[in-house]
Every structure is written in C-alpha cells, then in structure tokens.
Amino acid sequence: MSSIEWAKKPVRKISEPVGSRLDALRHWWAVQRGPVRWSVYLLLTVVAFLLPHEDIGSFMSPHSDWQAILFYPIGGYILLAIGLNVVVGQAGLLDLGYVAFFAVGGYTMAILGKQYGWGFWEIIAVGVLLAALSGVLLGAPTLRLRGDYLAIVTLGFGEIIRIAATNTDSIGGPNGIAGIPHPPNLTDWEIPDTAFFQALDLEGLKPFTYGALDTRPYYYLMVIAIIGTIIFAKRLEHSRVGRSWAAIREDEDAAELMGVPTFKFKLAAFAIGAAFGGLAGVLYGSQATSIIPEDFPFILSATILAAVVLGGSGNIPGVMVGAFLIAWIPERVRGVGEYRILVFGAALVIMMALRPEGLLPSRQRKAELKEGTGGMGSLGAEVGGPGGAQVEGEVSK
Amino acid sequence: MKGLNKIGGVVKPGGASKSGKSGKAGERSFAPRGGLLELHHVVMRFGGVTAINGLDLTINAGEIFAVIGPNGAGKTTVFNVVTGVYQPTEGGVLFDGRRIDGSKRYQVTKAGIARTFQNIRLFHNMSAVENVMVGADAHHRTGFVSAGLGFPRHRKEEREGRETARRLLDFVGVAHRGDEAAKNLPYGDQRRLEIARALATRPKLLLLDEPAAGMNPAEKEALQGLIRRIRDTGVTVLLIEHDMRLVMGISDRVAVLDFGQKIAEGQPREVQNNPRVIEAYLGAPADAS
Numbered sequence: 003m004s005s006i007e008w009a010k011k012p013v014r015k016i017s018e019p020v021g022s023r024l025d026a027l028r029h030w031w032a033v034q035r036g037p038v039r040w041s042v043y044l045l046l047t048v049v050a051f052l053l054p055h056e057d058i059g060s061f062m063s064p065h066s067d068w069q070a071i072l073f074y075p076i077g078g079y080i081l082l083a084i085g086l087n088v089v090v091g092q093a094g095l096l097d098l099g100y101v102a103f104f105a106v107g108g109y110t111m112a113i114l115g116k117q118y119g120w121g122f123w124e125i126i127a128v129g130v131l132l133a134a135l136s137g138v139l140l141g142a143p144t145l146r147l148r149g150d151y152l153a154i155v156t157l158g159f160g161e162i163i164r165i166a167a168t169n170t171d172s173i174g175g176p177n178g179i180a181g182i183p184h185p186p187n188l189t190d191w192e193i194p195d196t197a198f199f200q201a202l203d204l205e206g207l208k209p210f211t212y213g214a215l216d217t218r219p220y221y222y223l224m225v226i227a228i229i230g231t232i233i234f235a236k237r238l239e240h241s242r243v244g245r246s247w248a249a250i251r252e253d254e255d256a257a258e259l260m261g262v263p264t265f266k267f268k269l270a271a272f273a274i275g276a277a278f279g280g281l282a283g284v285l286y287g288s289q290a291t292s293i294i295p296e297d298f299p300f301i302l303s304a305t306i307l308a309a310v311v312l313g314g315s316g317n318i319p320g321v322m323v324g325a326f327l328i329a330w331i332p333e334r335v336r337g338v339g340e341y342r343i344l345v346f347g348a349a350l351v352i353m354m355a356l357r358p359e360g361l362l363p364s365r366q367r368k369a370e371l372k373e374g375t376g377g378m379g380s381l382g383a384e385v386g387g388p389g390g391a392q393v394e395g396e397v398s399k
Numbered sequence: 005m006k007g008l009n010k011i012g013g014v015v016k017p018g019g020a021s022k023s024g025k026s027g028k029a030g031e032r033s034f035a036p037r038g039g040l041l042e043l044h045h046v047v048m049r050f051g052g053v054t055a056i057n058g059l060d061l062t063i064n065a066g067e068i069f070a071v072i073g074p075n076g077a078g079k080t081t082v083f084n085v086v087t088g089v090y091q092p093t094e095g096g097v098l099f100d101g102r103r104i105d106g107s108k109r110y111q112v113t114k115a116g117i118a119r120t121f122q123n124i125r126l127f128h129n130m131s132a133v134e135n136v137m138v139g140a141d142a143h144h145r146t147g148f149v150s151a152g153l154g155f156p157r158h159r160k161e162e163r164e165g166r167e168t169a170r171r172l173l174d175f176v177g178v179a180h181r182g183d184e185a186a187k188n189l190p191y192g193d194q195r196r197l198e199i200a201r202a203l204a205t206r207p208k209l210l211l212l213d214e215p216a217a218g219m220n221p222a223e224k225e226a227l228q229g230l231i232r233r234i235r236d237t238g239v240t241v242l243l244i245e246h247d248m249r250l251v252m253g254i255s256d257r258v259a260v261l262d263f264g265q266k267i268a269e270g271q272p273r274e275v276q277n278n279p280r281v282i283e284a285y286l287g288a289p290a291d292a293s
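Protein chains in written order, with this note's numbering: chain A, 3 to 399; chain B, 5 to 293.
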C-alpha cells in the first residue's frame with residue numbers, strides 16, 4: 003500500500019470535493035418533499051426522451067451511432083443493473099450468472115417470435131415470466147447456500163445456459179437465431195416537421211414504428227421499461243419485502259427468528275431480478291433481430307455486477323449511473339482504437355479507488371460496507387454479518 | 005461450543021448420536037399437561053456432548069418463569085430448541101397443546117413465540133422503527149406483487165406496522181430514538197429495542213435471554229417494571245438471567261439447570277434455599293470460570 007501513498011494526495015485533491023458534492027446531493031435529496039421530487043422525476047424523464055438528439059450524440063459518442071448505443075448497451079445495461087441490484091444490492095445475494103436470465107428473455111423472444119410467430123407484446127409477458135421461473139428454478143435448490151458458494155453455483159448456471167444454447171441445434175446452436183421479427187407498429191403517427199421539433203431533433207420521427215432503420219422507438223420502449231422497473235423496485239424497497247431483504251442482509255438468523263420466511267424472500271429476490279433481466283432480453287432480441295449464444299458471455303454478468311458495485315450497490319440512482327458509465331465509456335473512447343479497453347479498465351480502477359463504496363451508495367449499504375459485513379459488502383461472505391457464528395456460540399451458554 | 009466441553013458429556017455407548025434429528029422425535033405423541041409451553045423429556049446432543057438431558061418443563065400461561073443455572077448449564081440451548089434453531093435429539097416441545105419441534109423458525113415465531121438474544125442481534129444499520137417493523141411484518145401478508153404494484157393492502161399494512169412500531173417503542177421507553185440507526189442507541193436501549201422488536205410479532209410467550217446483562221442498577225430496576233408490564237398485557241415471560249435480585253424479584257417460578265438437567269423447580273424462595281442449587285453454584289467445578 004505504501005508504494006502508492008505518493009499518488010494518493012493529488013488524487014484526493016480531486017476526489018474529495020467530488021465525493022462530498024455527491025454526498026451533499028444525496029443529503030439534499032433525502033429531505034426533499036413530494037413536489038420537488040416529482041418535478042425532478044419529470045425533468046429526468048423529459049431529458050431521457052430528448053437524449054437521442056444529434057448534438058448530444060456528437061459529443062457523447064463521436065465514433066459510434068449514439069441512438070443505437072443508447073438502446074443497447076446503455077439502456078440495456080441500466081435495466082440489467084436495476085434487476086441485478088435487487089438480487090445483489092437489496093437481498094445481498096451474490097449472483098455471478100445474471101446474464102442467464104438476459105439470455106432466457108432473448109431466446110424466448112427469438113423462439114416464440116421467429117418459430118411460432120407470436121406477437122411481441124405477448125412475448126414480453128411470457129419472457130418475463132419464463133425468466134422469473136428460471137430464477138426460481140435456479141434459486142430453489144441453491145439458495146440454501148450462502149456467500150461464495152452461491153456465487154459459484156450462479157456462475158455455473160450462467161455458463162450452463164450459454165453452453166446449452168450453443169449445443170442445441172433446434173435453436174440454432176452456435177449460430178443462434180436470426181430474423182427475429184420487429185414488434186408490430188402501434189401507429190404510424192409521425193411527429194410533425196415544425197421548427198420546435200426540429201430544434202429537438204425529433205422531426206419526422208415515428209415513435210411507435212419499429213424497424214431496423216430507426217433505433218429511437220426502441221430506445222423509448224426501453225426508457226418506459228426502465229421507468230416501470232424503477233417504480234416496481236422502489237416500491238419493493240420501501241415495503242415489507244425490502245425491509246425483510248435488509249434484515250436478511252444484516253443478520254439472516256435473527257431475521258428468521260423474527261418471523262421472516264428468509265428462503266421465500268431470497269427466492270423472490272432471485273425471481274424479480276430474473277424477471278427484469280428477462281425483460282431486457284426480450285427488448286434486446288427484438289431490436290437486434292438476431293442473437294447468438296456468444297451475446298451472453300460470463301463477462302457480461304461481471305460487467306453488470308461491476309456497474310452495480312461501481313454505482314453504489316443498493317441505491318437505484320447509483321446503479322443507473324454506474325451502468326451508464328460502464329456502457330458509455332468504452333464507446334466514448336473508441337477513438338483510441340485497441341487501447342479502449344485499457345482506458346476503460348483504468349477508469350474503473352480509478353473510480354473504485356476514489357469511491358470504494360460506489361458513486362452514489364445507499365446510506366445503509368455504506369454503513370454495512372464500513373463494518374465489512376452484510377451481503378455484497380463482504381462480497382458475499384456470510385450474510386449473517388455480525389451474527390453468523392453467534393447462534394452456534396450461544397449454545398455454549 | 006467452548007462451554008460445552010466443560011460439561012464432559014454423557015455419551016451413551018450405543019447411542020451413535022448424530023447431532024440434529026433422530027427419527028423418533030416425530031413418532032411419539034405427548035400428552036398435554038395444560039401449560040402454555042411444555043418440554044417433554046427433551047434431549048439435545050451435539051455429537052458426543054449432551055447439552056440438555058431429559059428436561060421436563062411446564063410454563064403456564066400468564067406467569068413469569070425464570071431459568072437459572074451456572075454457565076454451560078444449557079439454558080440458551082433450551083431457548084434454541086424452543087424457537088426451532090435446533091431440533092431436539094429426543095423428546096418434544098408443545099406450545100398451546102401442539103407440537104412445535106420440527107417447525108421452521110419463522111413458523112415458531114408466527115405461532116406466538118418471540119425471543120431476544122444474549123448478545124444483542126438487532127439489524128444494526130436499520131432504524132429503531134424499522135427494526136420493530138420487521139417484527140410486525142411477521143403477521144403481514146404483503147407479497148412482492150402487492151408491494152411492487154402498490155396495492156391497498158400494502159399501504160394499510162405499512163401504516164399499521166409503523167403505528168405498531170411507534171407504540172411499542174413508546175412502551176419499552178425508546179420512542180425518542182425511533183429514527184436513529186439501532187447501532188447508535190446506548191446499550192440498555194438496544195436491549196429494550198430488542199424486546200420491542202420481539203413484542204411486535206405479537207407473541208403469547210416471550211423468551212428473554214439475559215435481558216439485564218450489562219445494565220446498571222437503575223436500568224435493571226426499570227427492566228423489572230417493563231417485564232411486569234409485559235406480563236400484565238397477557239404475555240407469558242420465560243427468562244434466562246444471572247442477576248439473582250432480578251430473578252427473585254419478579255419470577256413466579258424458577259427452574260434451575262445444571263449439566264443440562266433440572267435440579268430444582270419452584271417458587272423463588274424454595275429454590276434459593278435448595279442445597280443442590282447452592283452446590284451447583286458454589287461447589288461444582290464447571291462454575292470455576
């Protein structure tokens with residue numbers, strides 16, 4: 003450690019003001035009431051819908067198609083990160099195979115859409131349910147494990163799904179499935195070509211017409227999906243369910259003795275996280291129109307996990323910022339050619355060195371991290387935290 | 005398991021006693037004796053070590069019952085057996101006339117048994133109110149669908165849980181610290197918060213594991229009043245405690261454990277003068293620590 007001491011001082015000069023600004027922002031937000039919050043939500047939504055603007059794009063990603071990367075990876079990663087945050091950040095279960103549920107959603111879209119001719123809107127429902135079901139199937143036998151062991155099993159599950167898809171000829175084997183249909187158009191309505199909409203770069207856009215030419219309708223669909231999942235996840239957080247997850251994270255044994263059916267709630271976390279992943283998969287599949295097993299590698303699980311940890315595990319705005327950065331930085335630095343992943347890696351290392359608790363951590367998770375206990379704080383070591391061995395210990399008295 | 009080693013273990017030659025379950029426990033039925041909680045010849049073995057050895061205990065509804073004994077006598081093990089942390093090797097536990105051994109821990113809590121812990125086990129980073137709300141949730145039925153979609157039941161239960169929490173914090177006397185993280189409460193308040201959390205599960209029987217540990221005399225005095233008030237609300241109290249003044253002051257009946265066996269039971273005064281009890285406390289080598 004001492005060998006990098008010299009580097010810490012200048013780094014702190016930058017990081018501490020930035021860090022304290024972020025913390026101040028969080029404190030400010032914590033005391034705001036309804037009207038202010040709703041105005042901010044509204045503003046953010048409007049901004050989200052205007053993001054595909056060409057001028058923003060030319061700054062944000064001069065080397066690639068901004069509108070396309072807004073849908074995936076940026077939007078997709080954000081949706082996946084919100085889903086994984088339910089499992090990792092809220093319930094404190096380390097899942098290293100999260101990409102499996104993304105794959106289930108994608109393949110559901112591909113198989114039902116291409117081979118059975120189902121409509122997109124029905125497939126969304128089925129894909130989400132199937133992903134949730136696969137979450138239950140994975141969770142039921144494995145959630146008795148804790149910490150590192152659970153991580154290994156989920157890692158295996160992610161690989162199994164990918165390898166099974168590679169080796170199943172009826173779903174295309176390694177070549178995957180191509181020719182997935184686009185969603186049917188809701189209407190062919192077109193935004194009028196007026197000066198106002200020209201300024202917003204929206205003239206002539208058909209927001210409900212899905213095709214290969216324009217990614218923006220898909221992006222809007224993604225935004226709506228993200229808003230929906232945020233509302234769902236946020237409500238869960240402030241309910242009996244979220245409270246039970248927090249209790250499980252802190253002291254699983256005590257939680258169960260206070261009447262929390264811990265297994266059921268952990269399974270619910272897996273199912274909900276999986277459902278969000280499945281939703282992302284369906285959207286991705288319908289836009290990409292072709293998927294192959296290699297779209298769902300282990301590194302994607304790791305990347306989404308990195309987004310959650312980097313952004314601030316347990317806090318939805320945090321993980322969204324984390325996912326955005328993780329998706330955006332590699333695209334932004336495409337200009338440096340083959341060095342871009344190096345730059346990306348360096349950016350991650352610097353960010354984690356500056357804010358080990360994440361960019362926008364939740365207050366409670368931050369405290370848990372300081373104690374080195376609880377859920378992801380100990381990277382999945384005993385969820386029991388300060389308890390763990392204590393029920394055993396109490397036998398001795 | 006350190007303390008267990010001191011017991012020296014009663015190992016039956018043929019009793020290849022694997023810890024945990026023995027098939028027998030489920031087969032026999034036990035005649036209820038009319039108590040709220042009944043232990044019927046409970047044996048709890050860990051490998052070769054017998055922590056509880058044939059314990060019979062009847063706690064009647066509405067009383068304050070204390071279990072005392074030297075360190076390592078098996079008192080907390082009794083709590084762990086009652087609350088489903090351990091399944092007894094032999095014997096059975098009846099609550100309200102029904103078998104509860106073999107139930108899951110949260111089912112035991114739902115059935116009406118709540119407990120506190122010898123070493124405080126609050127959810128440290130949650131606020132005091134949230135801690136109590138976790139207890140109140142034991143009887144709530146909001147699932148993730150109704151919570152996620154914001155159904156009326158969710159709102160109603162949420163409001164009710166919060167009110168319960170405030171009321172119970174007031175009852176135990178930590179209402180003024182409701183919004184603080186549990187770990188920031190002083191030690192005595194943490195103990196009382198644990199009691200509030202346990203009461204939120206609406207127990208018929210409350211198990212208190214050394215509630216006075218670490219308290220000063222004034223706090224102990226207040227605790228004594230609190231335990232009485234809990235009993236007066238109709239909750240039966242089963243207590244493990246080392247502080248003899250407290251035990252003798254509030255208990256209706258006392259049982260004394262030594263080496264996992266009951267060596268005396270009765271009213272506080274009788275027990276106090278029982279020669280076997282005095283020997284267990286003063287004469288036995290296990291007490292040397």
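Check each hint, because a few of them may be wrong.
Covered stretches of chain A, as calculated for chain B (at least 3 residues, CB under 8 Å) [unchecked claim]:
#1 250 to 263
#2 337 to 346
In silico lysine-lysine, DSS-like type, Cα no more than 25 Å apart, as pairs [what the hints assert, rightly or not]:
#3 K368(A) with K187(B)
#4 K208(B) with K108(B)
#5 K266(B) with K266(A)
#6 K11(A) with K266(A)
Since the hints were derived computationally from the structure, they do not count as laboratory data.
Here the structure is a predicted model, which is why all the values come from computation and not from measurement.
Heads up, the beta-carbon is just placed ideally off N, CA and C, and yes, glycines get one too.
Verification of the supplied hints:
1. A count of 11 residues in the region 250 to 263 of chain A with a Cβ less than 8 Å from any Cβ of chain B is obtained; the coverage claim is therefore met, three being the minimum.
2. For the region 337 to 346 of chain A, the assignment as covered by chain B is violated, since 0 residues bring a beta-carbon within under 8 Å of that chain's beta-carbons and 3 are needed.
3. In summary, the hint linking K368(A) to K187(B) is supported, as the alpha carbons are separated by about 14 Å, within the 25 Å threshold.
4. In summary, the hint linking K208(B) to K108(B) is supported, as the alpha carbons are separated by about 18 Å, within the 25 Å threshold.
5. A hinted pair counts as satisfied when its Cα atoms are at most 25 Å apart, and K266(B) with K266(A) does not qualify at roughly 38 Å.
6. With a CA separation close to 48 Å, the supplied pair K11(A) and K266(A) exceeds the 25 Å bound.
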